[in-house]
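From just these sequences and the hints, can you work out the full model?
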Amino acid sequence: MTAHIRTAHPYGHTPENTYTDFDWIRRHERELLAQYGECSILVYKEQVIGIGATYDEAIQNAERSLPPEMGEITPVHQWLTYRHPVSRLRSIK
Amino acid sequence: MTRLDLRVYIDPGEAQIFCNLLRKDGNHEKLFATVDTGAAVSLLPRELLNALDYQVEEQRVVEIEQAGIAQQAFQAVEASVTVSLEDAGGRLTPPFKILAWFAGGSQPIIGFKDVLDRSVLHIDMLQRFGWLEIDV
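Protein chains in written order, with our numbering: chain A, 1 to 93; chain B, 1001 to 1136.
No lab work stands behind these hints, which were simulated from the structure alone. Errors might be hidden in some of the hints.
Restricting the straight-line Cα-Cα distance to at most 20 Å, the calculated cross-link-like pairs of lysine to aspartate or glutamate (EDC-like) are [claimed, not checked]:
id: 1; chain 1: A; residue 1: K45; chain 2: A; residue 2: E31
id: 2; chain 1: B; residue 1: K1113; chain 2: B; residue 2: D1124
id: 3; chain 1: B; residue 1: K1024; chain 2: A; residue 2: D56
id: 4; chain 1: A; residue 1: K45; chain 2: B; residue 2: D1135
id: 5; chain 1: B; residue 1: K1113; chain 2: B; residue 2: E1133
id: 6; chain 1: B; residue 1: K1097; chain 2: B; residue 2: D1135
Quick look at the structure:
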């Protein structure tokens, strides 16, 4: 199977959809969490194209659903998780 | 000094920045991370670690306390990785090394160690605007 998904890029190269897709996930985070629960999610041009329990599973899920004739695409990946309302991270030891 | 615009959100209030993490294959993994002045060290998703070009100075698992609540403690791997920060205008820092904690299922967080401790941070929630100026 030909891989369609490319999520890593050379230094200084940012695909056109990157900023808008990360922003779209952030603005729709509540709806996405309600629909998919906590998971790894791949978004391309403001559409969810893959989900999974892990990053790799989300990529496999997307690869299976994309048409074979589709060329390479550059989705963004995010971990959808319910947020702790306060973080303050400190090492205990 | 490189000045980068932050993405500032409300409900919940948050400032975010784009990060590029150097992978073993020479490419960069892109993340959208929260700038967190409550985080002593940046926190990154553990499942990324195997793909990244990282160094572990002392093999250890750190136990992290969250929000001062004992029940919220969790474990993480401590490692150094190479990162460059970026904003939506395409401005980009040179790559630089940071010490980070890697924990499972976590949304990326940019904290003080090696990042905010060398930065000027400005957040204007009224205008929903912010920037980070970093010396790398």
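### Task
Decide if the proposed pair is consistent with the structure: K45 (chain A) and D1135 (chain B), CA atoms, cutoff 20 Å inclusive.
Status violated; Cα separation ~33 Å.
### Task
Would you mind confirming whether the straight-line C-alpha gap from K45 (chain A) to E31 (chain A) stays at or under 20 Å?
holds (17 Å)
### Query
Is the straight-line distance between the alpha-carbon of K1113 (chain B) and that of E1133 (chain B) 20 Å or less?
holds (15 Å)
### Message
Next pair to validate is K1097 (chain B) with D1135 (chain B); report whether the Cα-Cα distance is within 20 Å.
### Response
holds (12 Å)
### Query
Do the alpha carbons of K1024 (chain B) and D56 (chain A) lie within 20 Å of each other, as the hint requires?
Satisfied, since the Cα-Cα distance of roughly 17 Å is no more than 20 Å.
### Query
Under the criterion that the straight-line Cα-Cα distance not exceed 20 Å, is the pair K1113 (chain B), D1124 (chain B) satisfied?
violated (23 Å)
Violation of the numbered hints given earlier is confined to hints 2, 4; the remaining hints are satisfied by the structure.
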